[in-house]
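Visitor: Each chain, letter by letter, is given below.
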Amino acid sequence: MYSVQELAQLLDVRVDPSLSLDITGVAPIEEAQAGDLTFLANPKYIQKVEGCKAGAILVSPKFEGKLPIPALYTSNPYLAFARAIELFYSKPLPPRGIHPTAVIGQGCTLGKDISIGAYVVLGNHVTIGDSVTIHPHCVLYDRAVLGSGCLVHSHVVVRENVQIGQRVILQNGAVIGADGFGFAPVGDGSYHKILQVGTVILGDDVEVQSLSSVDRGTLEATTIGHGTKIDNLVQIGHGCKVGKDTVICGQVALAGSTIVGDRVVLAGQSGVSGHLTIGDNVIAASGTGITESIPKGKVIAGYPAVEVEVWRRYVTQFKNLPELSKRVRRLERALEIKKQENQNSGDV
Amino acid sequence: MYSVQELAQLLDVRVDPSLSLDITGVAPIEEAQAGDLTFLANPKYIQKVEGCKAGAILVSPKFEGKLPIPALYTSNPYLAFARAIELFYSKPLPPRGIHPTAVIGQGCTLGKDISIGAYVVLGNHVTIGDSVTIHPHCVLYDRAVLGSGCLVHSHVVVRENVQIGQRVILQNGAVIGADGFGFAPVGDGSYHKILQVGTVILGDDVEVQSLSSVDRGTLEATTIGHGTKIDNLVQIGHGCKVGKDTVICGQVALAGSTIVGDRVVLAGQSGVSGHLTIGDNVIAASGTGITESIPKGKVIAGYPAVEVEVWRRYVTQFKNLPELSKRVRRLERALEIKKQENQNSGDV
Amino acid sequence: MYSVQELAQLLDVRVDPSLSLDITGVAPIEEAQAGDLTFLANPKYIQKVEGCKAGAILVSPKFEGKLPIPALYTSNPYLAFARAIELFYSKPLPPRGIHPTAVIGQGCTLGKDISIGAYVVLGNHVTIGDSVTIHPHCVLYDRAVLGSGCLVHSHVVVRENVQIGQRVILQNGAVIGADGFGFAPVGDGSYHKILQVGTVILGDDVEVQSLSSVDRGTLEATTIGHGTKIDNLVQIGHGCKVGKDTVICGQVALAGSTIVGDRVVLAGQSGVSGHLTIGDNVIAASGTGITESIPKGKVIAGYPAVEVEVWRRYVTQFKNLPELSKRVRRLERALEIKKQENQNSGDV
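Protein chains in written order, with the numbering used here: chain S, 1 to 348; chain D, 349 to 696; chain A, 697 to 1044.
Calculated from the structure, these hints are not laboratory results. Source: prediction; values computed, not measured. Careful: at least some of the hints might be erroneous.
Said to hold, decoys possible - The calculated BS3-like cross-link candidates involving lysine-lysine, where the alpha carbons are at most 27 Å apart (straight line), are:
{"hint": "1", "chain 1": "S", "residue 1": "48", "chain 2": "D", "residue 2": "644"}
{"hint": "2", "chain 1": "S", "residue 1": "298", "chain 2": "D", "residue 2": "541"}
{"hint": "3", "chain 1": "A", "residue 1": "740", "chain 2": "S", "residue 2": "193"}
Pulled out of the complex, with its shape left as it was, chain S reads as follows (with noise of 0.2 Å):
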């Protein structure tokens, strides 16, 4: 429980200094209850403000005076309402130090606060830096290397040679540098797999969520940049690069050797061919089939993608195909009927 007073401080939001009151969690708009501090991030949802029951509401100073609730001031209400969730929840870290029954191979290199929990395997010439969590379960196989700070839950694998930045999260099951999916063909219709010696590199703040799998590259590294956060069961190719506090949400694919851009958005379950180049701050909606390089900054949609208005365009189009074919059959008709009005003119 926080005095409203306290909250604001914490949070670094504005409020009325004589407003007195005390907040006791934290609830969406549509849940919250008295005592609960809510939040509107998008002002297209103002009209929730008016049956909301919370105790305070974290807004853009724009409304102020406008609201039936007290309301804390803030830029970015979505930003100090994350904050505000970790002043209320904690998840509490599991107990430091080694479980007796993982394995810990030959010339390992193990930081300070450490967790490593029931079962984990690594390999030889493992490094593990300081204040890393690895929960049961995970494997790490030689010369791995993870960052402080990091935090990995069960069934991770992170491969040999993969180099993890710090403060990085896996969720389970996500695979760090399995095999690329490189074959050449022998010529009698089978491959001969080709030998996947690169590695993954991850930045710092990169978050890969739960069985997602970033493939190491045949000689390279792939390379995911700083603070990019990837969605589950995401399929990153070997060889790709992609940049800096990008977004890659579930389900979406990247073919092998691919550039992505810093800031580039790729909604569930689109899908980028292999050798392209995406742009910076590119955004792709859900669905969408890349199969050309995309300039910075394009929005786009569809398969194959076009930019979104062109898209819209289309969908629009397709709802008024069959109406535009019957119109063609009536200007063929109207014409063949003039046609025979003239011949019969003609006839007279």
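Place chains D and A on chain S using the hints.
Guide: Okay, now just chains D and A, sitting in the frame of chain S:
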């Protein structure tokens, strides 16, 4: 081996009481041999009965007296066949008891007649109901709850506080309760992780198949209703509410906070954007991209999703597009000629 | 380090016998430095040879005497390069033997020269061929069979009765033989699980990459032919029969009971509905949605899938749709004017 009379009784189906025959196995109609029981569920495959070698067939009573094979009559031959499989095959459960290598946390509550396999790790205060089977290498985080009769295959993860109902089946590598994909933009292009402190609640008789991920809610619970079946490699985003007896096929993705009704069918690779409502009994064809809420009972297809008849019309129209384009060109020429004729006649 | 003459002999390629040069590594054409061997497989990248710093290049004999870099001639430069990588890099296998923490069931048959890693669990009556390597944390259920020379990465699951051929590679987290997605509608909206008592058979030289799932058949076997390669996050439904030397790229899904021929290529995120037949040598572009059987040799794209030239024509027509719509409007106006002119002239 069962006599056909015994079998009819066990399956609660009707058979000519004078029929005498031994049934030694079960097989699909194309592969059945003498002694096998088979079934015909869909009347459109009736011609397959001709060459069928099965000893007996489960069919609807409306085929009485019309088939060349001894028949067992039931209004639901497919269900009766499913039950017949259980008479001829059994999947023996692993030995009861707790494997000596299992790591059991503090304060766990363990039911009767359970099987906990090698290297299973239970966190603290985990609750396991009666008759639960947990295969090797599963990890249940603190305070996870598994209802009685659950069957959990190897490498499954059940995260902290997740509540799982009775008789739930989790196939290999399923991840229940990993963090949702929630990040607040900081304003400089980077993101601040939003603590995911909600949970997941799975109803009774749910099945989640291999390598699917059901994310925990940010503050609330992601819920899956009784009897819902989820195929492989499915992504259920944080805060989704999925109804009862819904079928979610392979590689389907639900983005966050989406509501899916009861008895919905989402066919393979379809996707649903966030914050939508999909009504009861909706059926989405494979690959459908749902970007708007769908009223109950609709059958939809395409991207963006439209009613399936509309989609079929689109597809037909796509086929006609090159021809339509030519017809318009022809009309333009005809009109051009007419114009010239008129001008010529005007010149006279 | 190899002399270029040694290398030519080891790779079975032709080189000017007077050429004297040491090769110290391998690299792609854009990154190769002095001392590196590189390759040119696709003549359309010939201009990249200009600025290339490689010590030598593997190329087709048709470039003889035309390149500014010392050349090694072969009809298959990509394959020769794949073999060259193996000369410069090796992936050392884990130590032979059975890790003391491995749990081996009753009645298992273990070959010679095997490596079974930490915390591997073998059920009862499992068969492991000679020279098999199983990384930590794999689980093989009862009666699973792994042929000689297999390489199985951590967290792989091989379910009961599954038969795996020789030299098969399974990347991390692959699941072979989990239950198929089979449920019989009971009639009240709920489903009755159909026991999945079939199995999976993988041919020799198959590779299944990370986090892919090949489901067991209901009564029959799901089969994958010799030499077929399956990328990450792929779903193979129960009862599918996939041929030889077929390539199934990332996030492809096959629904149940589908037959896929030999030397088929299914590019990323494509999907195939159930009970279809895809002929030999079919190539499906990324994102193709296959809802009908496809005769052998077809190259297809789009959803629903059509021949790729047809698809390209559709895409062109989509682009022209707004213009086509305007042209029809123009025709309607022209005809309207004509009609009025005629009426006016009739009035006179």
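Visitor: If a hint holds in the structure, say so; if it does not, say that too.
Guide: Each hint tested on the structure:
1. 48(S) x 644(D): Judged against 27 Å, a Cα distance of about 25 Å means the pair holds.
2. 298(S) x 541(D): holds (26 Å)
3. 740(A) x 193(S): With Cα atoms ~24 Å apart, residue 740(A) and residue 193(S) stay inside 27 Å; holds.
The structure is consistent with each of the numbered hints, conforming to all of them.
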